[in-house]
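Chemist: With the hints as constraints, model all of the structure from the sequences given.
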Amino acid sequence: MHDAAKNIRRLARRFWRGVREWCGDAAYERYLRCSAAQGEGCRRLTAEEFYVQQLNRRYSRPNRCC
Amino acid sequence: MRAAQIVAILPCFWVSRVKRLGRILVWVTVALLGAGALGKIALDRGESLNAIWFVIAAVCCYLVAYRLYSAFLAARLLALDDTRATPSERNDDGRDFVPTNKWVLFGHHFAAIAGPGPLVGPTLAAQFGYLPGTLWLIAGAAFAGCVQDFIILFCSIRRDGKSIGQMAREEVSKRGGFIAQLAVLAIMVILLGVVALVVVNALKASPWATFTLAMTIPIALLVGVYLRFVRPGRVLEGSLMGVGLILFVVFAGQWVADSPSWARVFTLGGVPLAFAIMVYAFAASALPVWLLLAPRDYLSAFIKAGAIFALAAGILFVRPHVLMPPLTRFIDGSGPVFAGKIFPFCFITIACGAISGFHSLISSGTTPKMILRESHARFIGYGAMLLESFVGVMAMVAACAMTPGVYFAINSPPSIVGATPDAAAATISGWGFPLTAQTMAGLAHAVGEQTLWNRAGGAPSLAVGMAQIFSNTIGGERLLSIWYHFAIMFEALFILTVLDAGTRVGRFMVQELGGRVWKPFGRTGWMPSVLLSSAIIVGMWGYFLYQGVVDPLGGINSLWPLFGISNQLLAAVALVVATTILLKMGRTHWIWVTLLPMAWLVIITMTASYQKIVDANPRIGFLANANALAAQIAAGKIPGDKLVDTQRLIFNQRLDAGVTAVLASMVVVLIVEALVQWYAILSSRRAPMLHESPYVPTQWAEGYSGVAQGDD
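Heads up: the protein sequence lines correspond to chains Y and E, in order.
For what it's worth, this note's numbering labels the leading residue of the first sequence as 18, then goes sequentially.
For what it's worth, this note's numbering labels the leading residue of the second sequence as 22, then goes sequentially.
Hints in this document: simulated from the structure, not taken from any laboratory.
All C-beta atoms in this analysis are idealised placements derived from N, C-alpha and C, irrespective of residue type, glycine included.
Treat the hints loosely; a few may be bogus.
As the list claims (entries may be wrong) - Coverage of chain E stretches by chain Y, computed from C-beta distances (three or more under 8 Å per stretch; other residues unrestricted):
hint	region
1	112-121
2	224-232
3	371-384
Modeler: Quick look at the structure:
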């Protein structure tokens, strides 16, 4: 019973994380992790700067279809 | 081996055997169930058929195709290699190249490829009856559409996420690459014009629908400002707030429709609506992307996911009866929705639900840069297209579940059925689909519209079908009008997302091409260039839209086949590139996998192009129509005030013929280029040179699923 509840909680957490990844909520956190791991010399973007840059890049190539 | 050892091994041996046998039995059962359901929908000639058979047939066929054919493609043809590092691992930058969980990327990819095409195409093709369209949706996806998406995705993964145009340039020839790029731009222009026409036909003379869609713009602006300044990047909460507001305006639309003064403001004819949409797309393309375009896209993605899920649940819950016959008399080419025989026009009309050339742009765009392992390409490339095909089957069910008379009344132009409701009802009843003018008036009233006659384009008839399914699930007759306007809003939002995103991408293409002639024009941030290129691209598709709106035959009759032809031509281009790459990889033995669908697409697109240009029937052939109109002018049958309009109509028909001819010839040139390559490779005159990125072994552990450490 205890295990089942734990499994359900884990699944729910995974699902929630999947949804945040899918819609782009988690993009900035990912960027921070990535730039921390790479130890980039250049200045780290703020959440707002990153959001705008990301959108500009995404909508300059075909990303929606018929 | 001693007896004791044999006794110890035996149980393991038998358990694995029994498990294997069990798996085989399950798959045999799925296959038999699918075959039985297909047989039922193909051979049933009873009163009416339950839609659940469509769902069973489609799902079982998809499962078998995925289990067997895609596994064969993955293992034998492409030899996917999970020890090889993908572009997302090698170039991980947290921006473009982002290792993404398989399920999340499936969601991304599906949201990108699923557009209005699989909803509108099958709805229009329902005029042939439910059978041909359904069979092509299932078979076309399994053997052509999914194969294209999967293989192009694979090819792009092996080339660091290069686009289809770049791959055509490197693997086929420089000229081939240029043609592919030009074809993409031309096809995009036609696509945008046609889908805009679908929106215009859905919104014209409908204050409720026009108000709802107009309100999505301020809602998007609000969400855009929220996501930029208030809570940067918090897409989920911003979008949910926006979706809540949109659902409210769908509901509030009825108050606008009921108020005479407000209803007048939002009751627009075809031409003003067309211009309003052009202005909107221009603004969305030229304004900063965070303000309007991106938030609308978020809203659309959430509503799209919700509506598709709701439609599937509704069909399963209501299990409507399909009232359309399996085949109608219109397979002879005399259909009122669009003219042309079942071959090739059924395939051209269905387009995206079975195979869509546009998907090759997505499969060679964002997705390959985010994929975690090569083996995921099977699930994402092949699997997402199967789901798209299923959306097409659901659209077919929704269109065929309404009374056929009503279907034809909504989708036929007045020049075919008659201008007055009584005359039109008599014509449609004469075809064997009983209908009265009162039925249509009652239905229009029930869905909160002034009229449902002459709404060609597929969106309103699909909305009626969806609303009937939804209202049978929740709310009954009372909520029919709300559901109808929810469905219209969903389709229109969907289409406007394609329009604004497409216009912006088209703007970049125009700037890139213009930049070759005059450098400053190519600077994407330079305002005069932004405005001019946006105006050029909107002007180009806007011309097709305007032409469709003023066309007395309804526009869809000319333009949807043109869209289908161009889309399928692009698919042929993608398959030419895929075949060339496979030949270079030495997969000659299995080359039929891409060669056969490519040959089929070339046959249907060339036949359709030929017929659309030179067929003697004015409803099919562009030139015959132009000549017939010219003859009417010469005979003095056109009144003076209609003379200019008719002359413009003649010009438009000739333009359409020219565009079709140019598109078809571009693809022929590309195929000839590819044939020269293939001959050189097969006859060993030229050593095949692949432009794959070099092999780099992956550093990730076997079970790595894109989850950052410490997250779980």
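Chemist: Against this structure, judge whether each hint is valid.
Modeler: To see whether the hints hold, each was checked on the structure:
Coverage of the region 112-121 of chain E by chain Y holds in this model, with 7 residues showing a Cβ closer than 8 Å to a Cβ of that chain against a need of three. Here's how the region 224-232 of chain E fares: 0 of its residues keep a CB closer than 8 Å to some CB of chain Y, so the rule of at least three is not met and the hint is violated. Beta-carbon proximity to chain Y at under 8 Å applies to 7 residues in the region 371-384 of chain E; the threshold of 3 is reached and the given coverage holds.
Of the numbered hints given earlier, the model fails hint 2 alone.
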